[in-house]
Amino acid sequence: MYAEDELLPVAALNQLAYCERRCALMTIEGIWADNLFTVEGTHLHEAAHEDDTEQRDGVRIARGLRLRSLRLGLTGVADVVEFHPVPPESEGGIRLAGHRGLWRPYPVEYKHGKPKTDHSDEVQLCAQAICLEEMFTETGTPILITEGAFFYGRPRRRTEVALTTELRQETETLAIRLHQLFDSRITPAPVYKQECRSCSLFDECKPRAMDRKKSAAAYVFASVGASIALTSALLPEDAG
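Residue 203 in the numbering used here sits at position 193 of the sequence shown, with consecutive numbering throughout.
Hints listed in this document are in silico derivations from the structure and should not be mistaken for laboratory results. Accuracy of the hints is not assured; some may be wrong.
[Claimed, not checked] In silico lysine-lysine, DSS-like type, Cα no more than 25 Å apart, as pairs: (1) K126 to K216; (2) K216 to K203; (3) K126 to K203; (4) K124 to K203.
[Stated by the list, open to error] FRET-style restraints, in silico, Cβ to Cβ: (5) T169 to S194: 29 to 37 Å; (6) E176 to R218: 15 to 23 Å; (7) A107 to F212: 40 to 48 Å; (8) H94 to D213: 39 to 47 Å; (9) F212 to E99: 21 to 29 Å; (10) G108 to I196: 45 to 53 Å; (11) A219 to W42: 37 to 45 Å; (12) F212 to L106: 40 to 48 Å; (13) G108 to E39: 44 to 52 Å; (14) G74 to Q190: 24 to 32 Å.
We treat Cβ as the ideally placed atom computed from N, Cα and C, and that holds for glycine.
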């Protein structure tokens, strides 16, 4: 279990799953920069947090809900948590103050663009669900949240996500790695990928320049090593 002053942002898990260096630049070195993609994302988050709570079509909607997990060492804010009414004949819900019956929490995260090919978004959503589960358990109402959703800005539609055992294990592993990275205070070296071009920290990270430096150093060491090996091969065995 982590202490309150050891908690790290839930959103950092998304960055870690996407790129360890980007995560370190943001959490360790405090570097941040906006580009078109992050600005769009910020606008979506602001829209999600406009009102605190409301009820729509029988669903309770809470915005900007504070989250925390002492087990994973994470804290953050959920864009939206919907509370869906549980049918009277069903089980597995929680009780809400001032409302009858049982309710099922359903986290919804707002993202710009379209669904990613990696699991970075899903990991963040799963971490939010784990935080909610722990918080409700502390109040004496344990709950297992089995699914959530994303609202992506460009398709402007929801994408549902099953919070599977495998996704939970990946999320917990990344939470451990996040604390290891933060405690080490060491920013990993860059590895240039095509995705780097759309990263808001491209200019600060300089992945191409750093990659070229590593390549040049490797070439020098390889050349020196080859020269030494060639010289040794040409020298008589009793030389020196």
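Take a look at whether the Cβ-Cβ distance between A219 and W42 falls inside 37 to 45 Å. violated (20 Å)
Falls inside 44 to 52 Å, the C-beta gap from G108 to E39? holds (45 Å)
Quickly compare the C-alpha distance for K124 and K203 to 25 Å and report which way the hint goes. holds (19 Å)
Assessment of proposed distance window 40 to 48 Å (beta carbons of A107, F212): Check passed, 47 Å falls within 40 to 48 Å.
R218 and E176 - C-beta distance against the hinted 15 to 23 Å: Violated, since E176 and R218 (Cβ atoms, about 34 Å apart) do not stay within the stated range.
For a C-alpha distance cap of 25 Å, please report whether K126 and K216 respect it. Given that 25 Å is the threshold and the Cα spacing comes to 23 Å, the pair holds.
Taking the beta carbons of G108 and I196, is their distance inside 45 to 53 Å? Check passed, 49 Å falls within 45 to 53 Å.
Hey, K126 versus K203, does the alpha-carbon distance stay inside 25 Å? The hint holds at about 15 Å.
Consistency of beta-carbon spacing, S194 to T169, with hint 29 to 37 Å: Holds, since T169 and S194 (Cβ atoms, about 34 Å apart) stay within the stated range.
Given the hint of 40 to 48 Å, is the C-beta distance from F212 to L106 inside that range or not? Because 44 Å falls inside the window, the suggested range holds.
CB-CB spacing for D213 and H94 relative to the 39 to 47 Å hint: holds (44 Å)
Consistency of beta-carbon spacing, E99 to F212, with hint 21 to 29 Å: Violated, since F212 and E99 (Cβ atoms, about 54 Å apart) do not stay within the stated range.
Going through the hint list in order, the structure does not satisfy hints 6, 9, 11.
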